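*Asks:* Read in numbering that gives the first Met the number 0, the sequence shown has 304 at position 305, and its numbers run on one by one without any break.
Honestly, the hints are just simulated from the structure, not real lab data.
This one's a predicted model, so the numbers in the text were calculated from it and none came from an experiment.
Misleading hints may appear alongside valid ones.
Claimed, not checked - When the alpha-carbon atoms are kept at most 20 angstroms apart in a straight line, the in silico DMTMM-like pairs for lysine to aspartate or glutamate are as follows:
{"id": "1", "residue 1": "Lys227", "residue 2": "Glu171"}
{"id": "2", "residue 1": "Lys358", "residue 2": "Glu298"}
{"id": "3", "residue 1": "Lys312", "residue 2": "Asp258"}
{"id": "4", "residue 1": "Lys257", "residue 2": "Glu270"}
{"id": "5", "residue 1": "Lys118", "residue 2": "Asp34"}
{"id": "6", "residue 1": "Lys227", "residue 2": "Glu298"}
{"id": "7", "residue 1": "Lys253", "residue 2": "Glu75"}
{"id": "8", "residue 1": "Lys201", "residue 2": "Glu171"}
{"id": "9", "residue 1": "Lys231", "residue 2": "Glu247"}
{"id": "10", "residue 1": "Lys257", "residue 2": "Asp34"}
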Amino acid sequence: MPDSSSPALHPFFAQALLDWYPRHRRDLPWRHTRDPYAIWLSEVILQQTRVRQGLPYYLDFVTTYPTVQNLAAAPEDEVMRHWQGLGYYSRARNMHHTAQQVVAEYAGRFPATYLELLKLRGVGQYTAAAIASFAYGEQVAVLDGNVFRVLARVFGIADDIAAPASRRVFQELANQLIPADVPDQFNQAIMEFGAIQCTPVKPDCLFCPLQSRCYAFQHGMVQELPVKSKAKAGRTRYFHYLVLRHGEQVYLRKRSAKDIWQGLYDFALTETESATLAPAELLALADELGVQPATDQVEEPSQAYRHVLSHQKVEARFHPIWLAAPLPAATLAATGLAPFSAAQIEQLPKAVLISNYLKTVRF
Numbered sequence: 000m001p002d003s004s005s006p007a008l009h010p011f012f013a014q015a016l017l018d019w020y021p022r023h024r025r026d027l028p029w030r031h032t033r034d035p036y037a038i039w040l041s042e043v044i045l046q047q048t049r050v051r052q053g054l055p056y057y058l059d060f061v062t063t064y065p066t067v068q069n070l071a072a073a074p075e076d077e078v079m080r081h082w083q084g085l086g087y088y089s090r091a092r093n094m095h096h097t098a099q100q101v102v103a104e105y106a107g108r109f110p111a112t113y114l115e116l117l118k119l120r121g122v123g124q125y126t127a128a129a130i131a132s133f134a135y136g137e138q139v140a141v142l143d144g145n146v147f148r149v150l151a152r153v154f155g156i157a158d159d160i161a162a163p164a165s166r167r168v169f170q171e172l173a174n175q176l177i178p179a180d181v182p183d184q185f186n187q188a189i190m191e192f193g194a195i196q197c198t199p200v201k202p203d204c205l206f207c208p209l210q211s212r213c214y215a216f217q218h219g220m221v222q223e224l225p226v227k228s229k230a231k232a233g234r235t236r237y238f239h240y241l242v243l244r245h246g247e248q249v250y251l252r253k254r255s256a257k258d259i260w261q262g263l264y265d266f267a268l269t270e271t272e273s274a275t276l277a278p279a280e281l282l283a284l285a286d287e288l289g290v291q292p293a294t295d296q297v298e299e300p301s302q303a304y305r306h307v308l309s310h311q312k313v314e315a316r317f318h319p320i321w322l323a324a325p326l327p328a329a330t331l332a333a334t335g336l337a338p339f340s341a342a343q344i345e346q347l348p349k350a351v352l353i354s355n356y357l358k359t360v361r362f
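Can you build the whole structure from these sequences, using the hints too?
*Replies:* Structural data, given as structure tokens:
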């Protein structure tokens with residue numbers, strides 16, 4: 000592999016990207032502003048999310064919460080409801096907390112430097128660099144998956160990008176490449192280049208302005224770079240939801256444990272090692288909850304609903320149980336359950352898996 004620290008390619012690389020960017024960039028709303036709040040929103044939403052999926056959420060958030068003060072003052076359930084469907088819900092909780100932090104500790108103004116931005120909750124090195132360069136013109140290089148890929152291929156870097164120690168190698172190179180006069184344009188350019196030109200699969204090498212200087216292209220290693228070790232296979236978890244109903248109300252609870260979907264609403268839940276739950280086991284669980292079913296005959300469970308997360312898979316089945324009487328106050332207090340109407344449920348933040356099931360429920 001070549002010495003990626005050699006400065007010979009640096010000016011050519013930066014200028015090629017800066018020439019390429021105006022002709023090929025996508026017209027995205029957060030590229031028309033230097034408002035750090037709007038830029039921060041876009042970066043949080045686009046973490047682990049494609050632009051096509053994230054754009055409607057961004058437009059919804061800037062419309063619903065046009066200022067950081069608006070977002071900070073909003074109820075958490077409302078914010079989570081607007082986030083519903085994007086996944087990685089800790090981002091939404093951190094985002095809401097950070098808005099409150101900016102209002103309380105910074106008088107509603109985002110910090111103006113990379114180092115100060117790192118003090119905000121949920122703001123890591125990438126997000127801090129993006130805000131600092133896009134909003135304030137600070138010469139600090141961003142490093143995301145697209146940037147890793149472009150640098151690895153062009154400069155022939157074989158360090159495993161999944162290894163934490165490799166970040167320093169790429170960050171030092173990126174910091175050498177970024178020009179002082181247009182750091183924002185360079186950061187936008189290299190990320191966009193990785194997103195639409197130097198893509199993970201089938202990159203457009205034929206019309207690439209860096210082709211003649213690209214180590215991976217010249218050495219037939221485009222598919223081998225970047226090097227990324229595979230993550231461990233995720234486990235499968237089996238969820239069995241007890242959908243407790245009385246009249247036109249359904250009982251749900253807010254997930255509070257530090258687990259997936261924290262802060263979202265779902266039903267009474269038991270997790271087992273098996274994809275099936277026998278009727279006798281279901282009735283025993285209901286009895287443990289202090290629930291009195293209207294009949295000893297249980298309904299057939301729903302089909303399996305599957306949801307794939309980054310580190311695990313969830314297979315869920317829903318077991319409808321009609322109640323002989325409303326749940327008593329003691330049971331509600333012990334389980335965290337509460338009765339909701341169809342209209343109220345619509346306004347609650349829920350995981351996509353729960354929402355998909357509720358679409359099949361008749362009220």
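*Asks:* Evaluate each hint against the coordinates.
*Replies:* Hints and how they fare:
no. : hint            : verdict
1   : Lys227 - Glu171 : holds (19 angstroms)
2   : Lys358 - Glu298 : holds (18 angstroms)
3   : Lys312 - Asp258 : holds (13 angstroms)
4   : Lys257 - Glu270 : holds (15 angstroms)
5   : Lys118 - Asp34  : holds (19 angstroms)
6   : Lys227 - Glu298 : violated (47 angstroms)
7   : Lys253 - Glu75  : holds (12 angstroms)
8   : Lys201 - Glu171 : violated (28 angstroms)
9   : Lys231 - Glu247 : violated (44 angstroms)
10  : Lys257 - Asp34  : violated (33 angstroms)
Hint check: violations occur at hints 6, 8, 9, 10; the rest are consistent with the structure.
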